[in-house]
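Respectively, the protein sequence lines represent chains A and B. Heads up: the first sequence at position 173 corresponds to 307 in my numbering, and the numbers run straight through without jumps. Heads up: the second sequence at position 252 corresponds to 386 in my numbering, and the numbers run straight through without jumps.
Be aware that one or more of the hints could be misleading.
For chains that are exact copies, the list does not tell them apart, and a pair is met inside one copy or across any two.
Said to hold, decoys possible - Using 25 Å as the maximum straight-line C-alpha spacing, the simulated PhoX-like pairs for lysine-lysine come out as follows: (1) K301 / K211; (2) K301 / K331; (3) K301 / K373.
What the hints contain is simulated information worked out from the structure, not anything from laboratory work.
2 protein chains.
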Amino acid sequence: MKIAIADMMDLARGATFLGTGGGGDPYSGRLFAEQMIHRHGAPEMVSVADVPDDAACYIIAMMGAPTVIVEKLMNGKDAELAISKLESITGRNADYIIPAEIGGVNSTLPIAFAAQRGLPVIDADGMGRAFPEVQMTTFNVYGVPICPIVIANDHMESTVIETPVAKSAEDIGRAVAMRMGLAVMFTGYPMTGADVKRASVPGTISLAIGIGRAIAMGRHEGDPVEALLSYLKSTDYFKHCGVLFDGKVVDLLRETTRGFSIGRCIMEALDGSSRRMEVIFQNEHLVARDDKGVRAIVPDLIAMVDRETAEPITTEALRYGQRLKVVGVSAAPQMRTPQALACFGPQAFGLKEKFTPIEKLL
Amino acid sequence: MKIAIADMMDLARGATFLGTGGGGDPYSGRLFAEQMIHRHGAPEMVSVADVPDDAACYIIAMMGAPTVIVEKLMNGKDAELAISKLESITGRNADYIIPAEIGGVNSTLPIAFAAQRGLPVIDADGMGRAFPEVQMTTFNVYGVPICPIVIANDHMESTVIETPVAKSAEDIGRAVAMRMGLAVMFTGYPMTGADVKRASVPGTISLAIGIGRAIAMGRHEGDPVEALLSYLKSTDYFKHCGVLFDGKVVDLLRETTRGFSIGRCIMEALDGSSRRMEVIFQNEHLVARDDKGVRAIVPDLIAMVDRETAEPITTEALRYGQRLKVVGVSAAPQMRTPQALACFGPQAFGLKEKFTPIEKLL
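Starting from the given sequences, assemble the full structure and let the hints guide the process.
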């Protein structure tokens with residue numbers, strides 16, 4: 135199947151939802167992908183099962199703070215610089231492009247780059263959502279070394295980092311990204327097809343398109359939030375889901391610091407009760423709590439959507455008085471194993487609460 | 135001529151003087167060089183004129199804050215990692231090692247590495263002193279590109295940075311160095327012999343040894359500060375020099391911040407007058423002022439020495455109540471051209487005062 139311009143709006147909307155507040159609004163990324171498809175033709179999307187075991191599969195992603203990424207226009211030169219550096223180090227040119235994360239702008243960027251390079255894109259990613267740090271992937275959890283990583287920007291600057299410790303790659307890379315503009319191109323995790331089969335979350339580009347389509351169709355049918363939940367329940371990964379809260383924003387704290395967008399959003403119920411929900415985020419939403427305690431927690435997905443249109447809202451688009459529904463969604467099973475939770479469970483973000491699957495909290 | 139273990143004490147003391155407060159006390163660096171010479175033999179020191187034009191000449195230096203560098207023991211593995219990365223990028227193995235700066239620990243480290251690798255070391259450097267930032271070299275001023283630069287540490291982590299802008303290399307490299315321990319191995323400025331002839335400050339290892347020897351001999355003859363000045367006056371670069379102040383430390387501010395040691399030292403005259411001198415530093419001393427105004431300013435050298443023994447004192451060794459003489463020394467002529475002053479003159483450090491040669495201030 136080819137990814138057509140007509141798919142991009144649904145994909146971008148679905149990816150914003152899966153971005154769980156972060157990942158950067160893919161608005162400009164979608165425009166860029168549409169332009170690249172228009173110019174170079176639609177890239178082929180292939181299933182994980184169809185990738186040869188010895189194929190060279192490279193990621194391309196933006197690293198930085200969503201607050202900065204949304205202000206950045208793309209031209210493809212920095213992505214080309216990053217990938218070609220990686221190719222010269224590994225000695226193998228890319229056969230396939232695979233998204234590192236399906237949430238936010240990093241869903242559309244690999245498609246734009248695949249179109250630009252004339253390469254197929256793999257229907258999979260390393261999160262089934264978005265995460266703020268580069269070591270927080272199933273690639274890392276299931277044994278793909280993160281290095282060498284390459285960071286590049288559109289001043290044609292590049293940095294190559296090699297370290298045996300994945301968290302060091304994040305720490306050094308973050309310091310570099312902050313100096314290089316906080317909206318930089320990132321590649322790393324050079325993989326074979328066999329690695330992709332073992333260590334990715336398959337089918338997630340299709341799922342993002344499906345989510346976007348469900349919301350769009352729901353708007354015609356009258357209840358887009360219900361249509362969204364109904365679609366999620368039909369999937370393998372996201373079938374445990376529900377509306378955690380229906381309210382308006384009464385308190386909002388956001389800071390761009392340490393290379394991230396960090397903060398919290400407090401909402402008040404619209405039903406006249408004094409019930410409140412607090413959502414904490416580091417680029418992405420990490421935990422949702424109400425008077426009774428935790429209602430959803432990473433790696434399960436916490437998304438905010440407009441209560442009327444189900445339009446997913448990123449943290450940088452949150453506004454005082456906004457009326458939202460908070461939706462909790464189960465993460466893919468490979469995101470919930472003990473080794474996965476050690477990498478991107480609550481404790482990896484400094485939270486005290488243990489992971490409890492959303493199906494036990496709903 | 136070979137650099138023997140017997141030369142190392144004089145070299146280290148002379149390099150501490152030329153470090154003008156910074157560069158890191160070469161105590162541990164001297165011990166390491168002595169050990170490497172003991173183990174691998176004394177490296178040959180060659181004059182700039184004897185280096186073939188097409189030879190591959192590489193620097194090796196420590197980057198970080200002197201306050202951290204003095205606490206760091208060396209083992210040579212990180213230097214080898216940095217140089218071998220650079221060699222694999224340029225495709226040429228090192229024929230010669232050349233110091234980037236003759237001040238402080240970066241004078242002894244290239245000798246240790248040259249011994250370890252069995253390579254000759256070039257009697258020259260890129261400053262004729264020490265400076266805090268990696269773009270502040272005559273190599274940069276006279277047209278040698280700084281990139282690729284390689285930063286490595288003894289956790290066997292490495293970072294390769296490529297940018298067309300020398301100051302960007304410093305900014306990104308500093309952020310990396312802070313994350314990688316603030317006492318990291320640095321190489322870059324890959325040069326040919328022809329580059330070295332055009333863009334280095336020749337003869338500076340010999341000069342450092344000469345300075346150390348003059349101080350040592352002065353102690354036998356009774357007035358080491360006088361012996362030091364007398365030697366400096368006999369040289370080509372440092373012939374304009376004098377004691378700017380004779381006093382004791384009454385006020386000291388030091389901070390390790392933004393990847394540097396930054397601060398000021400205020401001294402009070404020992405002659406009973408109320409005369410004071412203030413010296414400002416960013417790793418190295420930048421400007422010395424008294425009641426009448428500027429007495430010496432970068433790139434001219436401002437050194438603090440013990441008033442009895444002429445032992446050079448680095449900023450991290452400054453103590454309240456210490457009795458010091460402040461010595462001002464002319465920089466090498468190639469350090470004072472308009473293009474050199476643009477790179478490491480007063481304005482490059484945010485100072486308001488214009489550069490005035492010390493011979494006009496003495």
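Taking the hints in turn, this is what the structure says about them:
1. K301 / K211: The answer is between: 22 Å across copies meets 25 Å, while 28 Å in one copy does not.
2. K301 / K331: Classified as within: same-chain Cα gap 23 Å, cross-chain 43 Å, threshold 25 Å.
3. K301 / K373: neither (31 Å within a copy, 52 Å between copies)
In the structure shown, a violation is registered for the earlier hint numbered 3 alone.
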